[in-house]
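Number of protein chains: 2
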Amino acid sequence: MNRDQASIEAAIAKAAANPALALQTRPEWYAADLIEAIARLPRESAIAILRDVPEETAIRIFNTPGLDEPSHLLEALPETRQVHIVNNVYPDRCAEILRGLPSNLRQRLLERLGEHGKETVAKILAYPADKAGGIMTTDFVSAPEGARVKEVIERIRSAGPAAQQIYAVYVVDAHSQRLLQAVSVRELLLASPEALIVDASPHRRPVAVSPATDREEVARLISKYDLLAVPVINGEDRIVGIVTVDDVIDALVAESTEDVQKFGGMEAIGGPYLKTGFLTMIEKRAGWLAALFISEMLTASAMQHYSSELEKAVVLTLFIPLIMSSGGNSGSQATSLMIRSLALRELQLKDWWRVARREFPAGLALGAILAVIGMTRIVLWQKFGFFNYGEHWDLVAATVGAALVGIVTFGSLAGSMLPFILQKLRLDPASASAPFVATLVDVTGLIIYFSIAILILRGTLL
Amino acid sequence: MNRDQASIEAAIAKAAANPALALQTRPEWYAADLIEAIARLPRESAIAILRDVPEETAIRIFNTPGLDEPSHLLEALPETRQVHIVNNVYPDRCAEILRGLPSNLRQRLLERLGEHGKETVAKILAYPADKAGGIMTTDFVSAPEGARVKEVIERIRSAGPAAQQIYAVYVVDAHSQRLLQAVSVRELLLASPEALIVDASPHRRPVAVSPATDREEVARLISKYDLLAVPVINGEDRIVGIVTVDDVIDALVAESTEDVQKFGGMEAIGGPYLKTGFLTMIEKRAGWLAALFISEMLTASAMQHYSSELEKAVVLTLFIPLIMSSGGNSGSQATSLMIRSLALRELQLKDWWRVARREFPAGLALGAILAVIGMTRIVLWQKFGFFNYGEHWDLVAATVGAALVGIVTFGSLAGSMLPFILQKLRLDPASASAPFVATLVDVTGLIIYFSIAILILRGTLL
Chain A
1 MNRDQASIEA
11 AIAKAAANPA
21 LALQTRPEWY
31 AADLIEAIAR
41 LPRESAIAIL
51 RDVPEETAIR
61 IFNTPGLDEP
71 SHLLEALPET
81 RQVHIVNNVY
91 PDRCAEILRG
101 LPSNLRQRLL
111 ERLGEHGKET
121 VAKILAYPAD
131 KAGGIMTTDF
141 VSAPEGARVK
151 EVIERIRSAG
161 PAAQQIYAVY
171 VVDAHSQRLL
181 QAVSVRELLL
191 ASPEALIVDA
201 SPHRRPVAVS
211 PATDREEVAR
221 LISKYDLLAV
231 PVINGEDRIV
241 GIVTVDDVID
251 ALVAESTEDV
261 QKFGGMEAIG
271 GPYLKTGFLT
281 MIEKRAGWLA
291 ALFISEMLTA
301 SAMQHYSSEL
311 EKAVVLTLFI
321 PLIMSSGGNS
331 GSQATSLMIR
341 SLALRELQLK
351 DWWRVARREF
361 PAGLALGAIL
371 AVIGMTRIVL
381 WQKFGFFNYG
391 EHWDLVAATV
401 GAALVGIVTF
411 GSLAGSMLPF
421 ILQKLRLDPA
431 SASAPFVATL
441 VDVTGLIIYF
451 SIAILILRGT
461 LL
Chain B
1 MNRDQASIEA
11 AIAKAAANPA
21 LALQTRPEWY
31 AADLIEAIAR
41 LPRESAIAIL
51 RDVPEETAIR
61 IFNTPGLDEP
71 SHLLEALPET
81 RQVHIVNNVY
91 PDRCAEILRG
101 LPSNLRQRLL
111 ERLGEHGKET
121 VAKILAYPAD
131 KAGGIMTTDF
141 VSAPEGARVK
151 EVIERIRSAG
161 PAAQQIYAVY
171 VVDAHSQRLL
181 QAVSVRELLL
191 ASPEALIVDA
201 SPHRRPVAVS
211 PATDREEVAR
221 LISKYDLLAV
231 PVINGEDRIV
241 GIVTVDDVID
251 ALVAESTEDV
261 QKFGGMEAIG
271 GPYLKTGFLT
281 MIEKRAGWLA
291 ALFISEMLTA
301 SAMQHYSSEL
311 EKAVVLTLFI
321 PLIMSSGGNS
331 GSQATSLMIR
341 SLALRELQLK
351 DWWRVARREF
361 PAGLALGAIL
371 AVIGMTRIVL
381 WQKFGFFNYG
391 EHWDLVAATV
401 GAALVGIVTF
411 GSLAGSMLPF
421 ILQKLRLDPA
431 SASAPFVATL
441 VDVTGLIIYF
451 SIAILILRGT
461 LL
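Chains A and B, in that order, give the protein sequences. Every letter in the first sequence is one number past the one before it in the working numbering, and letter 203, counting from 1, is 203. Every letter in the second sequence is one number past the one before it in the working numbering, and letter 232, counting from 1, is 232.
No wet-lab data here; the hints were simulated from the structure. Heads up, a few of these hints could be off.
Listed below are the simulated EDC-like cross-link pairs for lysine to aspartate or glutamate, each with C-alpha atoms no more than 16 Å apart in a straight line [said to hold, decoys possible]:
{"no.": "1", "chain 1": "B", "residue 1": "Lys150", "chain 2": "A", "residue 2": "Glu154"}
{"no.": "2", "chain 1": "B", "residue 1": "Lys224", "chain 2": "B", "residue 2": "Glu69"}
{"no.": "3", "chain 1": "B", "residue 1": "Lys275", "chain 2": "A", "residue 2": "Asp351"}
{"no.": "4", "chain 1": "B", "residue 1": "Lys150", "chain 2": "B", "residue 2": "Glu187"}
{"no.": "5", "chain 1": "B", "residue 1": "Lys123", "chain 2": "B", "residue 2": "Asp139"}
{"no.": "6", "chain 1": "A", "residue 1": "Lys275", "chain 2": "A", "residue 2": "Glu36"}
{"no.": "7", "chain 1": "A", "residue 1": "Lys312", "chain 2": "B", "residue 2": "Glu309"}
{"no.": "8", "chain 1": "B", "residue 1": "Lys224", "chain 2": "A", "residue 2": "Glu36"}
{"no.": "9", "chain 1": "B", "residue 1": "Lys275", "chain 2": "B", "residue 2": "Glu69"}
{"no.": "10", "chain 1": "B", "residue 1": "Lys275", "chain 2": "A", "residue 2": "Glu69"}
{"no.": "11", "chain 1": "A", "residue 1": "Lys224", "chain 2": "B", "residue 2": "Asp68"}
{"no.": "12", "chain 1": "A", "residue 1": "Lys275", "chain 2": "B", "residue 2": "Glu346"}
{"no.": "13", "chain 1": "B", "residue 1": "Lys312", "chain 2": "A", "residue 2": "Glu309"}
{"no.": "14", "chain 1": "A", "residue 1": "Lys383", "chain 2": "A", "residue 2": "Asp394"}
{"no.": "15", "chain 1": "A", "residue 1": "Lys275", "chain 2": "A", "residue 2": "Glu69"}
{"no.": "16", "chain 1": "A", "residue 1": "Lys123", "chain 2": "A", "residue 2": "Glu111"}
{"no.": "17", "chain 1": "A", "residue 1": "Lys224", "chain 2": "B", "residue 2": "Glu36"}
{"no.": "18", "chain 1": "B", "residue 1": "Lys123", "chain 2": "B", "residue 2": "Glu111"}
{"no.": "19", "chain 1": "B", "residue 1": "Lys14", "chain 2": "B", "residue 2": "Asp52"}
{"no.": "20", "chain 1": "B", "residue 1": "Lys224", "chain 2": "A", "residue 2": "Asp68"}
{"no.": "21", "chain 1": "B", "residue 1": "Lys224", "chain 2": "A", "residue 2": "Asp250"}
{"no.": "22", "chain 1": "B", "residue 1": "Lys312", "chain 2": "A", "residue 2": "Glu311"}
{"no.": "23", "chain 1": "A", "residue 1": "Lys312", "chain 2": "B", "residue 2": "Glu311"}
{"no.": "24", "chain 1": "B", "residue 1": "Lys275", "chain 2": "B", "residue 2": "Glu36"}
{"no.": "25", "chain 1": "B", "residue 1": "Lys275", "chain 2": "B", "residue 2": "Glu44"}
{"no.": "26", "chain 1": "A", "residue 1": "Lys284", "chain 2": "A", "residue 2": "Glu311"}
{"no.": "27", "chain 1": "A", "residue 1": "Lys150", "chain 2": "B", "residue 2": "Glu154"}
{"no.": "28", "chain 1": "A", "residue 1": "Lys224", "chain 2": "B", "residue 2": "Asp250"}
{"no.": "29", "chain 1": "A", "residue 1": "Lys275", "chain 2": "B", "residue 2": "Asp351"}
Across the chosen pairs, the derived CB separations fall in these ranges [unchecked claim]:
{"no.": "30", "chain 1": "A", "residue 1": "Ala356", "chain 2": "B", "residue 2": "Arg354", "range": "40 to 48 Å"}
{"no.": "31", "chain 1": "A", "residue 1": "Gly100", "chain 2": "B", "residue 2": "Leu349", "range": "28 to 36 Å"}
{"no.": "32", "chain 1": "B", "residue 1": "Arg26", "chain 2": "A", "residue 2": "Ser210", "range": "42 to 50 Å"}
{"no.": "33", "chain 1": "A", "residue 1": "Ser158", "chain 2": "B", "residue 2": "Asp199", "range": "43 to 51 Å"}
{"no.": "34", "chain 1": "B", "residue 1": "Arg108", "chain 2": "A", "residue 2": "His203", "range": "36 to 44 Å"}
{"no.": "35", "chain 1": "A", "residue 1": "Pro144", "chain 2": "B", "residue 2": "Asp130", "range": "43 to 51 Å"}
{"no.": "36", "chain 1": "A", "residue 1": "Thr280", "chain 2": "B", "residue 2": "Glu28", "range": "46 to 54 Å"}
{"no.": "37", "chain 1": "B", "residue 1": "Asp130", "chain 2": "A", "residue 2": "Gly146", "range": "43 to 51 Å"}
{"no.": "38", "chain 1": "B", "residue 1": "Arg108", "chain 2": "A", "residue 2": "Pro128", "range": "53 to 61 Å"}
{"no.": "39", "chain 1": "B", "residue 1": "Pro144", "chain 2": "A", "residue 2": "Arg204", "range": "33 to 41 Å"}
{"no.": "40", "chain 1": "B", "residue 1": "Gly271", "chain 2": "A", "residue 2": "Ser210", "range": "28 to 36 Å"}
Heads up, the beta-carbon is just placed ideally off N, CA and C, and yes, glycines get one too.
So that you can see chain A by itself, here it is in the shape it has in the complex (with noise of 0.2 Å):
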C-alpha cells in the first residue's frame, strides 16, 4: 500500500550520499515514513538530515513519537536549530527530549525556551517519566460549563493547528475551575451548536488520574474505558494536563518489551538492539547471569552434598539435567500465566490462595504424565538393550518417576507464587522472574530427586 515509503527511502538516501544535497522532503509524506527512513541511516548521516532539512520538518520529526533517541539526536545539532526545535514541538515531547540531555545542555535550551514554555515544560519534567505527570501534554481545551457548543467550536477553530491534540473538551466549574466533565470531540460534533457543553455529554464523573499515577495503570484506564486521552487533575480537582492514547500505545508496546526482555532474565536495555552500545548490552546482560549463577552455585553445594551417593549411584546423574529441565520448564509456564493474569487486573494479590489450590492438582497431574513418559523410556532402553541401567533398573525408574510428579508439582507451585510475592514487595512480578524460579526449582529439585532416591534405593544401590 505504501508506495511513498520507497521514493522517500530513496530520497534520504540520496541526501544522505551527498550533503550538499540538502533534503527535498514533500508535505505529503508521513513523518513515520521519514523517521523509519532516518533510523536506517548511520547516525552521522542522519544528523546531517536533520541538521538540513527545513526547519518545519524537522519539528515534524522531532514531534512524532517513534523517533529513536531524539535527545541524542538534537545534541549533535547546531545550537539555533536546538532553541528553535525545543519551542516548537509539543511540551510532552519537548520535556521526553529535554530530559535525555546531559544537565547543562538541559539547562541552557530551558532558559531559552519562551516564557510560558518554560513554566509548562519544567512542570513535566517534575515528575518521573514513567508517570503520567511525566508524560502528559498541557495543550488542552478546556471551557466553562456555561459556555455554548457553538462557542466552543469556534475557539478551537480560530486556535488552529495548535490544537491539533485535540480530543476531547474539559468542562470546569467556572468559579473553582475544578474538573466537571469530559466531551469527547465526536460528542461535541453532534451536539446541537446552540446547546450547553455541558450537556454535549452524558452528565458522568470524568474518569482522572493524578500526576503521580503509573503510566502502565494510565494505560489500563484508556483502554479499559475505551478513551481518547485522560485528563490528570490536582489535588484541587483542577486539570494540569492530558495523556493521549497514542502515549499510551508506546507506553504499552515499550512495558511489553521490558516485560520480555525482565522475563528473559536481563534489565531492559531501552533502545533498539543494533543502536544499543556494546559494552550497555554487556552490562544489562552480565549483572543478572552473574547474579542468576551465584545462585546457581548452590546446584553445586547441592550436589557435593550428595557426592557419596553420586559415587555409589552414577547411574542417577544420567537424568539430573532431565528432571531439572522438567521442574523449569513447568515452572516458567506457572510463572508466565501469572505474570500475565497479574498484569491486566484478572488476578490480585488475595488470590494467591485460589492459585495455589489450582496449582496444586495441576502440577501433580503435569508431572504424572511426565513420570509415564519417563518411565517408559528407561523400560523400553532397558527391555531393548539400548542401554543397562544395572540390576536395580525398575528401581531407578520409579525413583525418577516419582521425583518428576515432585519436582513438577514444586515447579508448578513456586511458578505461580514467585510473582505474587515479588509483587507483594512491590517489584514488578516480571523482573526475572523466570530465571528466579528456574534456580529456585534447579536447587529445590536436587534436593527432591536425591531425598526420593535415597528413600527407595536405600539399601539397593545406596
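Position chain B against the provided structure of chain A, taking the given hints into account.
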C-alpha cells in the same frame, strides 16, 4: 478517583443476592465498571443480572470490549434477549459474539438479524478473527470529494448516536467510490464549514490495510502513524470497514499475553486464568511440557554416551546443573532481545548476520565473566577446605571455565538465531522460543562440557 465503582459493586452484589430485585443501573455508570463488577460474580449470578437488567443496559454491556467470554454469557440468556442484543450491538462486536457460539445457535441468530445486519456481519465473519477483516467495523462515514464540510457535519449530526464510533470521515471518488483521503474528526472540526471536505486535511495517500492484513500489522500501522482508525479497503480500493484504536489496544494486550505465555513454553490459554477450566489448562500446558521433556531426553542419551567418563570422574557431575543453567540463561536473554526487536520491526530477517556478529563476542565476554566467577569459586572452596575436588582440582577448574565460555557463547548464538529461523519458517518467533533454546543448549552444552573435559583431563582423571 472512582467512587462510582464501589457503589456499582454494592448494587450488583445486592442484585446477585436477591434475583427478584432487578439491578437498578444508572446512566452515569460506565459500562466498563459494570463489567468489572460482573466479572467478579459466579457465572449463574452474572447471567441472572444480564437477563434482568434493562435492555439498553444489556446492549451497553455487550458492546464493551472488556467483557470476558461474551458468547458464553449470551448462550445462557433467553432467546428473545439474545436476538435483541445481536441486533443492537456494533457489527464488529456482533461478529465477535457470534464467532464464539456453537454453530447451530450462531446460524439461528444470524437468520434473525435484520437484512442489513445479516449482510455486514456475514462479511466480517468471512475473515479470521486475527485479520483486519475479522475485527473491522462496518459503521463508518464516507463522503464524496465534492461535499462541503458543513454538509458532512450535518449528515453526521442527523445520524445521531448511531454515529458514535466516528473517528474520521473517508473521502471517496464520487464516481469509482475509491478511497481518496481520510479526514479526522479533529480536522473536520477545525476546517472552515464552507470548505470542501477534500481540503480539510493535507492531501496525502491515506494509510489503509486489506481485509487479510494481520491484526498485529494493523496495530503497528495505527501506532506508527498515530491514527485513531485505519480503513480496510478491498481490491478495488473501495473502503469496506475500519479498525479502530480501541480494538487495536485490545489486540496489543492480547498479543502480548499470548507472547508471554508462548515464551513461557505453553499454548496461549486465550482467557483469564481463573475462568479457564482445569482440564483445558492441563491440555494447554501438557503438550509443550511433554514435547520439551521428550526432546530433553536427549540429555539422558548424551549423559549415557559419556557414562564411562562419568564413572571415572564423578567430580565432573557436580557442575552439570550450574553449567547447563548458565547456557539456558544466556540463551533466554538473547531470545527475549530478538523476539521484541523482530516484533517491533527494529530487526528484519536480513539482519541475522549483523546480530550473529554481535552475539558471538557478547557471548564470549559474558562466558568469560562467568568463567572467572566459577573458577574463583572452585579455587576458594579448595583452598579453604570447604570441599575437596581431588588431586587435579586445578584442571577441573580449567575445564569448568572453558566449558562456560563455550556454552554461554553457544547459548547466545543459538538463542539469537532461533527466532530468526522461526520467523523465516513463518512461525511466530515467540512460540516456545525460550524453552526450545534451553533444550538445544542443554544437550549441546553437555557435549561441549564433556568434549572439553576429555581434552583437558585426558591422562589425568580420564
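Verification of the supplied hints:
1. B/Lys150 / A/Glu154: 14 Å, holds
2. B/Lys224 / B/Glu69: 30 Å, violated
3. B/Lys275 / A/Asp351: 13 Å, holds
4. B/Lys150 / B/Glu187: At roughly 13 Å apart (the allowed maximum being 16 Å), B/Glu187 and B/Lys150 satisfy the hint.
5. B/Lys123 / B/Asp139: 13 Å, holds
6. A/Lys275 / A/Glu36: 14 Å, holds
7. A/Lys312 / B/Glu309: 15 Å, holds
8. B/Lys224 / A/Glu36: It holds: about 9 Å lies between the C-alpha atoms, which stays within 16 Å.
9. B/Lys275 / B/Glu69: Measuring from Cα to Cα gives roughly 10 Å; hence the hint holds.
10. B/Lys275 / A/Glu69: Violated, at about 42 Å.
11. A/Lys224 / B/Asp68: 12 Å, holds
12. A/Lys275 / B/Glu346: 10 Å, holds
13. B/Lys312 / A/Glu309: Holds: B/Lys312 and A/Glu309 sit about 15 Å apart, inside 16 Å.
14. A/Lys383 / A/Asp394: Holds: A/Lys383 and A/Asp394 sit about 11 Å apart, inside 16 Å.
15. A/Lys275 / A/Glu69: 9 Å, holds
16. A/Lys123 / A/Glu111: 14 Å, holds
17. A/Lys224 / B/Glu36: Distance of about 10 Å is within 16 Å: holds.
18. B/Lys123 / B/Glu111: Since the Cα atoms of B/Lys123 and B/Glu111 sit roughly 14 Å apart, the hinted pair holds (cutoff 16 Å).
19. B/Lys14 / B/Asp52: Measuring from Cα to Cα gives roughly 13 Å; hence the hint holds.
20. B/Lys224 / A/Asp68: Holds: B/Lys224 and A/Asp68 sit about 12 Å apart, inside 16 Å.
21. B/Lys224 / A/Asp250: At roughly 9 Å apart (the allowed maximum being 16 Å), A/Asp250 and B/Lys224 satisfy the hint.
22. B/Lys312 / A/Glu311: With a Cα-Cα distance of about 10 Å, the restraint between B/Lys312 and A/Glu311 holds, given a limit of 16 Å.
23. A/Lys312 / B/Glu311: 10 Å, holds
24. B/Lys275 / B/Glu36: 14 Å, holds
25. B/Lys275 / B/Glu44: 13 Å, holds
26. A/Lys284 / A/Glu311: 40 Å, violated
27. A/Lys150 / B/Glu154: 14 Å, holds
28. A/Lys224 / B/Asp250: 9 Å, holds
29. A/Lys275 / B/Asp351: With Cα atoms ~13 Å apart, A/Lys275 and B/Asp351 stay inside 16 Å; holds.
30. A/Ala356 / B/Arg354: 40 to 48 Å: 46 Å Cβ-Cβ, so the 40 to 48 Å window holds.
31. A/Gly100 / B/Leu349: 28 to 36 Å: Distance hint for A/Gly100, B/Leu349 holds at roughly 31 Å.
32. B/Arg26 / A/Ser210: 42 to 50 Å: This hint is violated: roughly 25 Å between Cβ atoms.
33. A/Ser158 / B/Asp199: 43 to 51 Å: 18 Å, violated
34. B/Arg108 / A/His203: 36 to 44 Å: For A/His203 against B/Arg108, whose Cβ atoms are near 40 Å apart, the range 36 to 44 Å holds.
35. A/Pro144 / B/Asp130: 43 to 51 Å: Distance hint for A/Pro144, B/Asp130 holds at roughly 46 Å.
36. A/Thr280 / B/Glu28: 46 to 54 Å: Taking Cβ atoms as reference, A/Thr280 and B/Glu28 lie about 51 Å apart, which means the hint holds.
37. B/Asp130 / A/Gly146: 43 to 51 Å: 49 Å, holds
38. B/Arg108 / A/Pro128: 53 to 61 Å: Hint holds: Cβ distance 55 Å, inside 53 to 61 Å.
39. B/Pro144 / A/Arg204: 33 to 41 Å: 37 Å, holds
40. B/Gly271 / A/Ser210: 28 to 36 Å: Holds: the Cβ-Cβ distance is about 33 Å, inside 28 to 36 Å.
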